[in-house]
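Peer 1: Based on these hints, arrange chain B on the given structure of chain A.
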Amino acid sequence: MQDNNPMRLLQTRRSFLGRAGCGVGAMALASLLDTNDLPARAASAQPQRWTGVLKPLHFAPQAKRVIYLYQAGGPSHLETFDYKPNLAKLDGQPIPESLTKGQPIAQLQGRELKVMGAQHPFKKYGDSGQDICSIFPHIGSVADEVAIVRSMYTTAINHDPAHSYMNSGTSINGAPSAGAWWLYGLGSETDNLPGFVVLSSVGKFGQAQPIAARQWSAGFLPSRFQGVEFRSKGDPVLYVGNPQGVSRNGQQHVVNAVNKLNALRDDVVDNPEIATRIAQYEMAFKMQASVPGLIDISGESQETLDLYGTQGADGSFAANCLLARRLAERGARFIQLYHRAWDHHGGIKKNMAGTASEVDQATAALIKDLKRRGMLDETLILWGGEFGRTPMAQGSGRDHHIKGFSMMLCGGGVKGGVSYGATDDYGYNALENPVSVHDLHATMYHLFGIDFKRFTFGFQGLDFGLTGVGAPRVLTEILA
Amino acid sequence: MGGPSVKPYQPAGYWMHLKFPNRVWKHDTGENLYRRGLYTWWQRTFLHPALLAFDAPTREECTAQRARSNTPLQALVMLNDPTYVESARKFAERIGREGGESVEDRIRFAMRLATSRTASDAEVGVLQNLYKQQLQEYSSHKQAAEKLLAIGASPRESSMDIAPLAAWTDVARTVLNLNETITRN
Numbered sequence: 173m174q175d176n177n178p179m180r181l182l183q184t185r186r187s188f189l190g191r192a193g194c195g196v197g198a199m200a201l202a203s204l205l206d207t208n209d210l211p212a213r214a215a216s217a218q219p220q221r222w223t224g225v226l227k228p229l230h231f232a233p234q235a236k237r238v239i240y241l242y243q244a245g246g247p248s249h250l251e252t253f254d255y256k257p258n259l260a261k262l263d264g265q266p267i268p269e270s271l272t273k274g275q276p277i278a279q280l281q282g283r284e285l286k287v288m289g290a291q292h293p294f295k296k297y298g299d300s301g302q303d304i305c306s307i308f309p310h311i312g313s314v315a316d317e318v319a320i321v322r323s324m325y326t327t328a329i330n331h332d333p334a335h336s337y338m339n340s341g342t343s344i345n346g347a348p349s350a351g352a353w354w355l356y357g358l359g360s361e362t363d364n365l366p367g368f369v370v371l372s373s374v375g376k377f378g379q380a381q382p383i384a385a386r387q388w389s390a391g392f393l394p395s396r397f398q399g400v401e402f403r404s405k406g407d408p409v410l411y412v413g414n415p416q417g418v419s420r421n422g423q424q425h426v427v428n429a430v431n432k433l434n435a436l437r438d439d440v441v442d443n444p445e446i447a448t449r450i451a452q453y454e455m456a457f458k459m460q461a462s463v464p465g466l467i468d469i470s471g472e473s474q475e476t477l478d479l480y481g482t483q484g485a486d487g488s489f490a491a492n493c494l495l496a497r498r499l500a501e502r503g504a505r506f507i508q509l510y511h512r513a514w515d516h517h518g519g520i521k522k523n524m525a526g527t528a529s530e531v532d533q534a535t536a537a538l539i540k541d542l543k544r545r546g547m548l549d550e551t552l553i554l555w556g557g558e559f560g561r562t563p564m565a566q567g568s569g570r571d572h573h574i575k576g577f578s579m580m581l582c583g584g585g586v587k588g589g590v591s592y593g594a595t596d597d598y599g600y601n602a603l604e605n606p607v608s609v610h611d612l613h614a615t616m617y618h619l620f621g622i623d624f625k626r627f628t629f630g631f632q633g634l635d636f637g638l639t640g641v642g643a644p645r646v647l648t649e650i651l652a
Numbered sequence: 002m003g004g005p006s007v008k009p010y011q012p013a014g015y016w017m018h019l020k021f022p023n024r025v026w027k028h029d030t031g032e033n034l035y036r037r038g039l040y041t042w043w044q045r046t047f048l049h050p051a052l053l054a055f056d057a058p059t060r061e062e063c064t065a066q067r068a069r070s071n072t073p074l075q076a077l078v079m080l081n082d083p084t085y086v087e088s089a090r091k092f093a094e095r096i097g098r099e100g101g102e103s104v105e106d107r108i109r110f111a112m113r114l115a116t117s118r119t120a121s122d123a124e125v126g127v128l129q130n131l132y133k134q135q136l137q138e139y140s141s142h143k144q145a146a147e148k149l150l151a152i153g154a155s156p157r158e159s160s161m162d163i164a165p166l167a168a169w170t171d172v173a174r175t176v177l178n179l180n181e182t183i184t185r186n
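Here the protein sequences come in this chain order: A and B.
Just so we're aligned, residue 173 is where the first sequence starts under the working numbering, counting upward by one.
Just so we're aligned, residue 2 is where the second sequence starts under the working numbering, counting upward by one.
Hints may contain errors.
[Unchecked claim] Here are a few chain A residues that sit away from chain B, every Cβ distance over 10 Å (derived from the structure): (1) G298; (2) H310; (3) D363; (4) K376; (5) G413; (6) Q423; (7) N443; (8) A461; (9) G487; (10) K521; (11) G526; (12) R545; (13) D549; (14) N605; (15) F627; (16) Q632.
[Unchecked claim] Here are the simulated SDA-like cross-link-like pairs (lysine to any residue), alpha carbons at most 25 Å apart as the crow flies: (17) A/K521 with A/K236; (18) B/K91 with A/G413; (19) B/K143 with A/K521; (20) A/K236 with A/T223; (21) A/K405 with B/T46; (22) B/K27 with A/G417; (23) B/K91 with A/S419; (24) B/K148 with A/A461; (25) A/K458 with B/Q134; (26) A/K405 with B/P50; (27) A/K522 with A/Q279; (28) A/K376 with B/P58; (29) A/K521 with A/H310; (30) B/K27 with A/A485; (31) B/K148 with A/V463; (32) B/K91 with B/L114; (33) A/K405 with B/T41.
No lab work stands behind these hints: they were computed from the structure.
Bear in mind that the values here come from a model prediction, so they are computed numbers and not experimental data.
C-beta: ideal position from N, C-alpha, C; glycine also.
Just chain A, with the same shape it has in the complex:
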């Protein structure tokens, strides 16, 4: 859907600005023409931020923000949340052909398909007795806070299109990522940090497949809603300091002049990318002041650092979890953490344990930390990947699997200590209450007061929405 004809792109975006009335362009320009003086404007504390198109919301929301702990690569559901004692009994035996015949297979094509039992034992955790693999003891310690969906399925069997499907509801490139929909619909609660932030970390156990930046693109939505990627090692944002000798005031004059000239040019050429450019220069200037405070973790107690298991800015998933909490406190709407680690085609026993140790403690720490700060009820946390892995062995590992896998949700109006759905005895097909990615997105929307049927964007003559054209189901059973 990426339109290669710039004129057509221009027209569709232009029609958006026209229809939206008080669109992005109008807003950015109004904020400039209001007064010549940026300091005065900042002092007046008038809201300049994008506040979203869904006003009012379709119904009362539970959650305010998303923290999406995206476990990229396809974590094995059979060594995380899906306990299948049957597999251990059948270990080494052929899997019934009735299950696998004609089904999509990634790398095991033409090979003998033999069952492999779970490589690590499961335990029952919490008062709710949730089945969780014992390599995740910290997640186990918050079992009563989380809902586990064990009947997810998806459509694309390779990483990149599967990421696209999980993020944008379609495996065709060019649709907006969920974070962009959230920002477009709900706006941001911060003036001086991006509303949609992406962080990533790389695991040390197994292959770390790349993630393309288009996974957080705004697609056909105005480009200012794209995710902004922060670095996870060292300074999250570079070039935040003014050039030496340039004062805050002096920089303000320069940015102000750039924006005024861009606005004058926009009057002539009417290019929506200019409106975005103006908004991004304003944001850049504000980030110069806000980022140092965001990343300064000297105010965090040793106890908190120990809880997460990080000293900060070390590139780890744990450091990103801490930064995610700090972004959440400052009003970011959609915070997405990628941990690139889970593509365990081989050595799954050692690699699952290793990767689990990279994310287990910090995941639980984030949940506990948000809870004690009174933020868990309004923060929806997701934990899961783009697909699961086969019950069949691929040597000492498992192949990609899309017919059944698990996803964990927590906070933001999600019921704790519950499980939903189930795969068959082999962990192959989502059998009981199968949940599509569109169902998941519709449920996420629901928690934010959004009716998926009423949140679409006209593009190339069609009304596009994150949840596609089918009839997704809100998972009311896991709502608090």
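Peer 2: Structure of chain B alone, referenced to chain A:
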């Protein structure tokens, strides 16, 4: 044309986490600091941050079509990366040398050079105003002007006094940051 890769300025410590093996980025000197981005050293997974901000592929996977983005991170590069600040200073020196005598003539010269068109009176007005503000600030803060003009390895070659040169550097930064200057259509 041609030649080996070059290393422009890069934030200190950027390679600190590239431990395979430990490496230290030492920027080039002389002409090699000022080559086109095409020649910039391409460190896979640790691409130069300015290239990264402008969607250059990291070469971890093949790229059939480049993403196009428009982010605050790009604005930060254009405003604050010493490569661009130094370029603005050299542009300011040229404005002083070739742009005529009056402030207005110089502004029109700068806009013409950067955008290949004649500036409107309203645009000239915005930049005149900016020049006045910056000149006032740098006149009363000569040390700040000195610091700004010390960015970059190239020598200062201008008959202009430091306060006006610093003010023109900020005008040049503005002109070089315009959407029209940094995009192709």
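Peer 1: If a hint holds in the structure, say so; if it does not, say that too.
Peer 2: Results of checking the hints against the structure:
1. For A/G298, the requirement that its beta carbon stay farther than 10 Å from each beta carbon of chain B is met, with the minimum near 37 Å.
2. The claim that A/H310 is not at the interface with chain B holds, since no C-beta of that chain comes within 10 Å of its own (minimum 26 Å).
3. No Cβ of chain B comes within 10 Å of the Cβ of A/D363; the nearest lies about 13 Å off, and the non-interface call holds.
4. Every CB of chain B is more than 10 Å from the CB of A/K376 (nearest about 12 Å), matching its label as outside the interface.
5. Distance to chain B contradicts A/G413 as a non-interface residue, since its nearest Cβ pair spans about 6 Å, not more than 10 Å.
6. The beta carbon of A/Q423 sits about 7 Å from the closest Cβ of chain B, which is not more than 10 Å, so the claim that it is off the interface is violated.
7. The non-interface label for A/N443 is inconsistent with chain B: the shortest C-beta to C-beta separation is roughly 8 Å, within 10 Å.
8. No beta-carbon of chain B is positioned within 10 Å of the beta-carbon of A/A461; the least distance is around 12 Å.
9. Separation of A/G487 from chain B is inadequate, the least Cβ-Cβ distance of about 6 Å not exceeding the 10 Å criterion.
10. A/K521, annotated as away from the interface, keeps every beta carbon of chain B farther than 10 Å; the closest lies near 26 Å.
11. With a least beta-carbon separation of about 18 Å from chain B, A/G526 lies farther than 10 Å from that chain, consistent with its non-interface assignment.
12. No Cβ of chain B comes within 10 Å of the Cβ of A/R545; the nearest lies about 27 Å off, and the non-interface call holds.
13. Residue placement check: A/D549 keeps its beta carbon more than 10 Å from all beta carbons of chain B (closest about 30 Å).
14. With a least CB separation of 36 Å from chain B, A/N605 remains clear of the 10 Å interface cut-off, as annotated.
15. Listed as a non-interface residue, A/F627 keeps its Cβ farther than 10 Å from every Cβ of chain B; the least gap is roughly 24 Å.
16. Distance check on A/Q632: its Cβ is at least 18 Å (rounded) from any Cβ of chain B, clearing the 10 Å threshold; non-interface status holds.
17. Among the hinted pairs, A/K521 with A/K236 is inconsistent with the structure: their alpha-carbon atoms are about 38 Å apart, more than 25 Å.
18. Between B/K91 and A/G413, the direct Cα distance comes to roughly 21 Å. Compliance with the 25 Å bound is thereby established for this hinted pair.
19. Only pairs whose Cα atoms come within 25 Å are accepted, and B/K143 paired with A/K521 is rejected, the gap being roughly 65 Å.
20. About 13 Å separates the Cα atoms of A/K236 and A/T223, which keeps this hinted pair within 25 Å; it holds.
21. At most 25 Å may separate the alpha-carbon atoms for a hinted pair to count; A/K405 and B/T46 meet this at roughly 12 Å.
22. Straight-line distance between C-alpha atoms of B/K27 and A/G417 comes to about 24 Å, which keeps the hinted pair within the 25 Å bound.
23. At roughly 20 Å between alpha-carbon atoms, B/K91 and A/S419 fall within 25 Å of each other, so this suggested pair holds.
24. As the CA atoms of B/K148 and A/A461 are separated by approximately 21 Å, the hinted pair is consistent with the 25 Å bound.
25. A threshold of 25 Å between alpha carbons decides the hint, and for A/K458 with B/Q134 the separation of about 21 Å falls inside it, so the pair holds.
26. For the suggested pair A/K405 and B/P50, the alpha carbons sit about 13 Å apart, so the restraint of at most 25 Å is met.
27. Annotation: proposed proximity of A/K522 to A/Q279 holds, straight-line Cα distance about 21 Å (limit 25 Å).
28. For the given pair, A/K376 sits about 23 Å from B/P58 by alpha-carbon distance, which is consistent with the 25 Å threshold.
29. Taking the CA atoms of A/K521 and A/H310, the gap is about 19 Å. The hint holds against a cut of 25 Å.
30. This hinted pair checks out: B/K27 and A/A485 have alpha carbons roughly 23 Å apart, not beyond 25 Å.
31. For a cut-off of 25 Å, the pair hint linking B/K148 to A/V463 stands: about 24 Å separates their Cα positions.
32. Restraint check for B/K91 and B/L114: satisfied, since their Cα atoms lie roughly 13 Å apart, inside the 25 Å limit.
33. Annotation: proposed proximity of A/K405 to B/T41 holds, straight-line Cα distance about 22 Å (limit 25 Å).
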